[in-house]
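Q: Sequence lines, in order, name chains A and B.
Quick note on numbering: the working numbering labels position 116 of the first sequence as 116, and the sequence is numbered without any gaps.
Quick note on numbering: the working numbering labels position 298 of the second sequence as 1298, and the sequence is numbered without any gaps.
Warning: the hint list may mix true and false statements.
As the list claims (entries may be wrong) - Which stretches of chain B does chain A cover? Using the computed rule of at least three CB atoms under 8 Å from a CB of chain A, they are:
{"no.": "1", "stretch": "1072-1079"}
{"no.": "2", "stretch": "1103-1109"}
{"no.": "3", "stretch": "1121-1129"}
Calculated from the structure, these hints are not laboratory results.
Backbone N, C-alpha and C fix where the C-beta goes; we use that ideal spot for every residue, glycine too.
One letter stands for each residue in the lines below.
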Amino acid sequence: MSRREGSLEDPQADSSISPLPHLEAKIHQTHSLARLLTKYAEQLLQEYVQHQGDPFGLPGFSPPRLPVAGLSAPAPGHAGLPAAERLQLDAGALSALPPLLDVVRRHQAELNPRALRLLRRLEDAARQARALGAAVEAVLAALGAETRGPRPEPAVAAAAAATDAGVFPAKVLGLRVCGLYREWVSRTEGDLGQLVPGGPA
Amino acid sequence: MPAGRPGPAAQSARRPPPPLPLLLLCVLGAPRAGSGAHTAVISPQDPTLLIGSSLQATCSVHGDPPGTTAEGLYWTLNGRRLAPELSRVLNASTLALALANLNGSRQQSGDNLVCHARDGSILAGSCLYVGLPPEKPFNISCWSKNMKDLTCRWTPGAHGETFLHTNYSLKYKLRWYGQDNTCEEYHTVGPHSCHIPKDLALFTPYEIWVEATNRLGSARSDVLTLDILDVVTTDPPPDVHVSRVGGLEDQLSVRWVSPPALKDFLFQAKYQIRYRVEDSVDWKVVDDVSNQTSCRLAGLKPGTVYFVQVRCNPFGIYGSKKAGIWSEWSHPTAASTPRSERPGPGGGACEPRGGEPSSGPVRRELKQFLGWLKKHAYCSNLSFRLYDQWRAWMQKTHKTRNQDEGILPSGRRGTTRGKGSPAR
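Generate coordinates for the entire structure from the input sequences, incorporating the hints supplied.
A: Below, the structure is given as structure tokens:
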């Protein structure tokens, strides 16, 4: 792997660690997984808005994009960060998403109990986010880059308050979480794509 | 503060949404400090209403800077802007809405009523649930597969259209004792069905009913009382074989096996056979093939492919006085009758094996056969093999005779030889 901006080669790193063919295969495989999940995330978002009713899904529908505690969208400067840091942020987001997706699934099970495909997609998304996050961390570990390590429990897991915030805000939250899931798997796909041999620099 | 007028059961039927995480405070309802953003609260939140009722709602704005007014605010319902005349400014910070004669909710997750700022941004939302309470489910029917389980289905009242998510729960209990049980495996044979897989008692009646519940109320079906043994069905008979009967051009022999799961109990089983010509959709049914596992179809068209199916009714299981429930039809089995230049009649019936004389034309044939037998056969034991040989001989003889006499050119239907009663 040539030395270039965003390369994972660190001059201070142990020179005996170098990308091996199996590592390239691993990166390629993880990139393929991210590409597949990007497609699934898009389908999840479309399925989700269908079941919430208009105006969800209408062009121009724009609820407030306020941050979800514990997870925000990729920052505008994300693409300019070193590769290791980008992948660390990807892994962090992917590990924060599953509990949020679980919350959305439980709420949709109450709101749309007959929407079996939506519920299944939400369940699959949580599982797939975990898998992709683990794969990204494995790539980071194999490259000798620091992984994020154990994350503090996200707010969603600890929160047990009977907040009667209402159905509409819950629908908006679900939209936000599904949107974040799509953004982060897409971002991960892009970041891994830069590491794939022959990928864009 | 004005509010909608929910139905009588709305308060009790309405279930609050599950607890949402604290993170949700960031989504809507909490202004960003110093941002100048406005937020609002809609009242009532998530009301449940009867179709045709009215709703009075308010959108109260609060935010930074102070003095924010309700001027310029507007409402949308399911993405469509509501006419201005439906709204009015109640006070400086509150916009009211009056909707009358509400239609049923467009989606089960609730109609989205949204309060917008002048620039179109969303300030607050509330979901309306407009529908009907459930009506009494009815027409419960149940069956047990091989006495091991029980499946029931029912019809929802009012054809199921309540515009609200309605939960159906099948309940059952032993009539004379025991507690209520709830079926857990739903939608097994359609949207309104449930399957109880185990732990069912025989020789004692069950009471079964369906409860329907939604945000506006609940309803309960009449109770169905049954004994498992009276509603038994079984698998279709396996190993159905259809074959020619020697050279007989108008007959096919059908054999099958008793369904193995109930084989030891099928003392009084009834079977039915149906058959059709390959390119027809009309089945002919042969009834009451009592307790036999073979049958001969007669009066068929020569040179024709037939599809045949068999089904079983486990009548009289363990002495039950009631007929059981017919199984599904077996997979179609096909066979063709031998070709003949002499076209035959189209009807047929099952002729029982074993030499029982049947009525009508077959009896006449048998009589002729017996006369022939006395003359030509050396053994006194009658057998269908000999009978078949005789019939083949008769057909050849008849064909030769008619050709000689020029009676039957090809394509013309001949006189019927009397092939038994038409299939029902």
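Q: Next, verify each hint and record whether it holds.
A: Status of each hint after checking the structure:
1. 1072-1079: holds (count 3)
2. 1103-1109: That given contact holds, which follows from 4 residues of the stretch 1103-1109 of chain B lying within Cβ reach (below 8 Å) of chain A.
3. 1121-1129: Since three or more residues must qualify, the claim that chain A covers the stretch 1121-1129 of chain B holds, with 6 doing so at under 8 Å.
Of the numbered hints stated above, none is contradicted by the structure.
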